[in-house]
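Number of protein chains: 2
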Amino acid sequence: MSDTAIQTLKKMLAHLDDAKKYQSLRDVMETLPAPDLAAVFEDLPPEKMPVLFRLMPKDLAAEVFAELTPETQETLIQGLSDRELKLVIDELFVDDATDLVEEMPAGVVKRILAQASPDTRQMINELLKYPEDSAGGVMTTEFMELRPDMTVRQAMETIRTNGFDKETINNCYVTKSDRTLAGVVSLRTLVLAKDPDQQIAGLMDDNVVSVSTDTDREDVSKLFEKYGFLAIPVVDKEKRLVGIVTVDDALTIMQDEINEDIAKMNAMAPTDRPYFRASLWDLYKSRTPWLLFLMLSATFSSLVIRSYENALAAVTVLTAYIPMLTDTGGNAGSQTTSTVIRGMATGDIRPHDFFRVIWREMRVSLLCGLTLAVCNFGKLMWLDGVGAGVALAVSLTLVCTVLLSQMIGSVLPIVARKVGIDPAVMASPLITTIVDTTTLLLYFNFARLVLGL
Amino acid sequence: MSDTAIQTLKKMLAHLDDAKKYQSLRDVMETLPAPDLAAVFEDLPPEKMPVLFRLMPKDLAAEVFAELTPETQETLIQGLSDRELKLVIDELFVDDATDLVEEMPAGVVKRILAQASPDTRQMINELLKYPEDSAGGVMTTEFMELRPDMTVRQAMETIRTNGFDKETINNCYVTKSDRTLAGVVSLRTLVLAKDPDQQIAGLMDDNVVSVSTDTDREDVSKLFEKYGFLAIPVVDKEKRLVGIVTVDDALTIMQDEINEDIAKMNAMAPTDRPYFRASLWDLYKSRTPWLLFLMLSATFSSLVIRSYENALAAVTVLTAYIPMLTDTGGNAGSQTTSTVIRGMATGDIRPHDFFRVIWREMRVSLLCGLTLAVCNFGKLMWLDGVGAGVALAVSLTLVCTVLLSQMIGSVLPIVARKVGIDPAVMASPLITTIVDTTTLLLYFNFARLVLGL
Chain A
1065 MSDTAIQTLK
1075 KMLAHLDDAK
1085 KYQSLRDVME
1095 TLPAPDLAAV
1105 FEDLPPEKMP
1115 VLFRLMPKDL
1125 AAEVFAELTP
1135 ETQETLIQGL
1145 SDRELKLVID
1155 ELFVDDATDL
1165 VEEMPAGVVK
1175 RILAQASPDT
1185 RQMINELLKY
1195 PEDSAGGVMT
1205 TEFMELRPDM
1215 TVRQAMETIR
1225 TNGFDKETIN
1235 NCYVTKSDRT
1245 LAGVVSLRTL
1255 VLAKDPDQQI
1265 AGLMDDNVVS
1275 VSTDTDREDV
1285 SKLFEKYGFL
1295 AIPVVDKEKR
1305 LVGIVTVDDA
1315 LTIMQDEINE
1325 DIAKMNAMAP
1335 TDRPYFRASL
1345 WDLYKSRTPW
1355 LLFLMLSATF
1365 SSLVIRSYEN
1375 ALAAVTVLTA
1385 YIPMLTDTGG
1395 NAGSQTTSTV
1405 IRGMATGDIR
1415 PHDFFRVIWR
1425 EMRVSLLCGL
1435 TLAVCNFGKL
1445 MWLDGVGAGV
1455 ALAVSLTLVC
1465 TVLLSQMIGS
1475 VLPIVARKVG
1485 IDPAVMASPL
1495 ITTIVDTTTL
1505 LLYFNFARLV
1515 LGL
Chain B
1065 MSDTAIQTLK
1075 KMLAHLDDAK
1085 KYQSLRDVME
1095 TLPAPDLAAV
1105 FEDLPPEKMP
1115 VLFRLMPKDL
1125 AAEVFAELTP
1135 ETQETLIQGL
1145 SDRELKLVID
1155 ELFVDDATDL
1165 VEEMPAGVVK
1175 RILAQASPDT
1185 RQMINELLKY
1195 PEDSAGGVMT
1205 TEFMELRPDM
1215 TVRQAMETIR
1225 TNGFDKETIN
1235 NCYVTKSDRT
1245 LAGVVSLRTL
1255 VLAKDPDQQI
1265 AGLMDDNVVS
1275 VSTDTDREDV
1285 SKLFEKYGFL
1295 AIPVVDKEKR
1305 LVGIVTVDDA
1315 LTIMQDEINE
1325 DIAKMNAMAP
1335 TDRPYFRASL
1345 WDLYKSRTPW
1355 LLFLMLSATF
1365 SSLVIRSYEN
1375 ALAAVTVLTA
1385 YIPMLTDTGG
1395 NAGSQTTSTV
1405 IRGMATGDIR
1415 PHDFFRVIWR
1425 EMRVSLLCGL
1435 TLAVCNFGKL
1445 MWLDGVGAGV
1455 ALAVSLTLVC
1465 TVLLSQMIGS
1475 VLPIVARKVG
1485 IDPAVMASPL
1495 ITTIVDTTTL
1505 LLYFNFARLV
1515 LGL
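Protein sequence lines, in the order shown, are assigned to chains A and B.
Count along the first sequence from 1, add 1064, and you get the number used in this note's numbering.
Count along the second sequence from 1, add 1064, and you get the number used in this note's numbering.
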C-alpha cells in the first residue's frame, strides 16, 4: 500500500473511532494486510492503541503485533491486560516471540514469560540460546514433522491434525526415530501423489540441503537465493532437526546485510534502525569515528606535500591538479573495490581467484588510465594552456595512479577476507585515503623528472 | 555446496565418464541439486556436455538447463538433436523458456520456437511482449486457477489433475468467469479445511495484493519483502489475471537491483554479467566514461586553486591540508548520500520527508564537524607544529565543509528522485567532485580572513 493510502486509512480509522463505529472499524481492519495495519499503529497515540488492537481477531492481532517496532510493541504491551497479553503470546510464532523477548526491557520480559504457556516458554528459552546472527537465532521450531514409514494418507492426516500452528506446511520434514533429518517432502508432492498408500520414504527427497544452528545467517540467505528454497532445515551437532528458516526471513536477512555492507562501504558503523528511528546520537556515533580516523590518516598525504614544498613553490600551477589527481585515484579505486566486494558477496569471486582478478584488473586499468591520460593531456595543453612539461607530468601520473588504485582496490578486499576482516570496510573512503599518498608521491616524482626540479 | 565440493564433484564425474560408468554417473547426478550440477556444466568441455546432459532424467535436465548461463545454454543446444531440444523446451517453465528466447541469437531462437509445442509457443510470444524489467517480463503464466463456486473437494480434484505443470500450487488464484481476479487461497487452507463441501468463495482471501503487468520489477520485489508473500498475482489493465511472480524470482531481482545500485554508487555503468563473465571491454566501457566525466568536472577545483595561487605562495603549508579537507568533505558527503539513497530504496525515507531530513542532517553534521575540528586543531598545533592561524583556518573549514557536504549529500538524492534521475548516481564520486570546489573556496577564504592574506 502506498504512503498516501496509509494516510487515508489513518484518517478513516480515526474517524470511525471518534464516531464509535466499532463494528465498521472491525470490518475495515479485517480486510487489510497486517503490515499496513502495523504502519497505522506506529503513529497512533498510545491511549488509542489497545482500543484498536482489541477490535482485531486474534490471529490478525498477532500478525500485526509481530510487524511493529520494538518501541511500539512496548507501548502497546503496557496498555494490555495480562489476559490479552497471553492471547497475543499464544498466537505469535515462536521465533517472533523470541525476538520480542530479546528486544524488551527486563520488566516487560518477566511479564511476557509469566503469560506464556509452559511449552512456548520452553521453546523461547531454547531459541534464546543461539546468537542472533546464526541460523539458530532466526529459525522457528514450529515446523511440520513426518516419519518415513507413514503412508501418504497418514501423512495428510497428521498434517490436518497438527498443521494449524506450524509456520509453514508447504515443506514437511521427515525425521527418523532419533529425530535426525531423513528427507523433505513438499505438500505439493503429497497432494499430487497418485497412491495414498505409498510410503513417505519413497516420495521424499532424501538429499536435503540443511544448515547447522551456528551457520551465519548471511550464508543461510545465500542458499535461498542459490537454490530457490521456500525453507531450509536447521540441524544440531548430532544432525537432529531442531528448526527451519523460511524464505520470508531470508529476504529480511538479505536486506539487513546489504544495509550493513552499504554503511561499511561508506565509512559508517552499521545500525539496524531505519533512518527516522535512529536518534541523532545514533547517527553521530555511527559517522564520527570513521571520519576522525580517515582525517587523521590523511596525515600521510600532508607529510608528502610538505616534503615537496620547494617543488610546489617553484611551479605553483602543480597544486591546481592535486584534487583532480587524488579524486581520480579514489574513484578508480572505489570502482574495483566495490566490484570485488560485491563479487565476493554474491560468490562470483572466490579467494582462490586472487591472481585471475589481478591479471584482469591490470589490463583493464591500463586501458582506462591511458584513455584518461590522453584526454587530460589534450585538455591541459589546449584548454588550460599550461606548459607541455606540466601536462606530461599530470598525464603520466594519471596512467600510473589509475593502474595502482585499481590494483590496490581489487587486492585489498580479497586480502581482508583472507585475514578475517570484513571486505566491506575496504571500500571507497579507505581506498581514497590510501591511494592519496601514492598518487601524490607519483605526481611529485614525475614533476621533478619531467620539469627537472 | 562449497567450491571445493564442486571441484571434487567435477573430478568424480570426469572419472566416471572416462571409465564409461554411465549408470553410476546417472545415479550420482540424480542425487545432486540442479544449481550444483549447473556449476559443473559451466566448466565442461563442449563435446562432453550433451553426453552428461542426456544421462539426467528430463525434469532434472530442464532444471539444470534453466540454471546455466546463456553462453553455456547456446553451446549445449548446438550439441542436442531437435528431438532432445523439444524435450527440454516442453519441460522448462514458460518464464525460463522466454528468458532463453530473449538471450539466444536469431538462428537458435528459430530452432527453439520450431521445437516448442503450439501452446508453449503462444505463451512465450505472450510473455515476450512485456519489457524485461516489468512484472510482465518476470512473471510465469503457469499458475493454478480455481473458481469461487468450487467446493474444497472440487478444488483439490482440479489441483490433482492440473497441478503437475504449474510453477507453484502453494497459492491458488480464484478468478471469476471473465478471468478477473477474485481472491487467493493457499493449498494449506484447502488441506486444513474442515468441511470438504465448503465453497472456495468462503475460504479465499478476497483482498489480494496484485501488481499490474507494467509494474517495475523492483517494486514487485519490495512487496515480497514487506508482506512476506510466496507469490504475487499479475493482472492486466482489465484486472484479468495473466500471471504470477514467485518469491525465488523476487530474491534474484533484489540481488540484481542491488548490484546495479552499488555499481552506480561507485561511478560505474551497471552490467548484468558476473565479474568473470564480463569481457575486458565490458569492464572498460562500464568504468571509463564516468572516470572521464568526473576528471573533467575537477576543472572547477583547479580553477579555484589557480585563482588563489598568491595566497598559497605566501603560506605554502596551506597546500598540505588540501587532500585532507577535500577527502573529509567527500567522506562526510558520501555518508549521508548513501544513507539517504538506501533509505529511499527501502522506503524509510519518502520524498515528502525532504525538510525532516535536512533538519536532522543539519544537527548531526554540526556535531560531527565540531568534533573533527576540535581534534584537528589540537593535532595541527601540537603534532604538526603549524601556527595558530593556519590551524584555525583548517579547523573552521572542517566544521563548514562537514556541514555543507552532509547537507548537499542528503538533499541531492531526494532532488534527483523528484526530477526523475536515479538517486544512486548521486553517490560518493559525484558528491566528492561537487564538494571539492566548495571546500576549497571555504578554505581559501578562511585562510585569507584569519591570516590576513
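Everything labelled a hint here was simulated from the structure, so no lab data went into it.
Worth double-checking, as some hints may not be accurate.
[As the list claims (entries may be wrong)] Listed below are the simulated DMTMM-like cross-link pairs for lysine to aspartate or glutamate, each with C-alpha atoms no more than 20 Å apart in a straight line: (1) K1122(B) / D1082(B); (2) K1290(B) / D1269(A); (3) K1286(A) / E1321(B); (4) K1290(B) / D1412(A); (5) K1286(A) / D1312(B); (6) K1122(A) / D1100(A); (7) K1290(A) / D1448(B).
[Claimed, not checked] Distance ranges between label pairs, derived from CB positions: (8) Q1262(A) / T1133(B): 37 to 43 Å; (9) P1182(A) / E1135(B): 55 to 61 Å; (10) G1266(A) / T1133(B): 34 to 40 Å; (11) H1079(B) / R1337(A): 51 to 57 Å; (12) D1320(A) / Q1087(B): 55 to 61 Å; (13) T1225(B) / D1107(A): 46 to 52 Å; (14) T1244(B) / L1177(A): 32 to 38 Å; (15) T1253(A) / T1244(B): 52 to 58 Å; (16) T1380(A) / L1447(B): 22 to 28 Å; (17) N1374(A) / G1516(B): 21 to 27 Å; (18) E1111(B) / G1266(A): 35 to 41 Å; (19) G1266(B) / D1082(A): 29 to 35 Å; (20) R1341(A) / G1516(B): 32 to 38 Å; (21) D1213(B) / D1278(A): 49 to 55 Å.
Beta carbons are placed, not taken as given, at the ideal position from N, Cα and C, and that holds for glycine.
### Message
Between the alpha carbons of K1286(A) and E1321(B), is the straight-line distance 20 Å or under?
### Response
16 Å, holds
Straight-line alpha-carbon gap K1122(A) to D1100(A), limit 20 Å
It holds: about 17 Å lies between the C-alpha atoms, which stays within 20 Å.
Outcome of range test on Cβ distance (T1380(A), L1447(B); 22 to 28 Å): Because 27 Å falls inside the window, the suggested range holds.
query: If you check the beta carbons of N1374(A) and G1516(B), does the distance land in 21 to 27 Å?
result: 25 Å, holds
* For T1244(B) and L1177(A), compare the CB-CB distance with the range 32 to 38 Å and indicate the outcome. => 49 Å, violated
Could you see if the CB distance from P1182(A) to E1135(B) stays within 55 to 61 Å?
59 Å, holds
Practice prompt. Take the C-beta atom of G1266(B) and the C-beta atom of D1082(A), compute their distance, and say whether it sits inside 29 to 35 Å.
Written response: 33 Å, holds
*Is it true that D1213(B) and D1278(A) lie within 49 to 55 Å of each other by Cβ?*
With Cβ atoms ~51 Å apart, the hint holds.
- Can the restraint linking K1122(B) and D1082(B) be considered satisfied, given a maximum Cα separation of 20 Å? This hinted pair is violated, its Cα atoms lying about 23 Å apart.
| field | Range hint compliance [Cβ, D1320(A) to Q1087(B), 55 to 61 Å] | value | 46 Å, violated
Holds or violated: K1290(A) to D1448(B), with C-alpha atoms at most 20 Å apart: 53 Å, violated
Hint check for G1266(A) and E1111(B) - Cβ pair distance inside 35 to 41 Å = 37 Å, holds
Violation of the numbered hints given earlier is confined to hints 1, 2, 4, 7, 12, 14, 15, 20; the remaining hints are satisfied by the structure.
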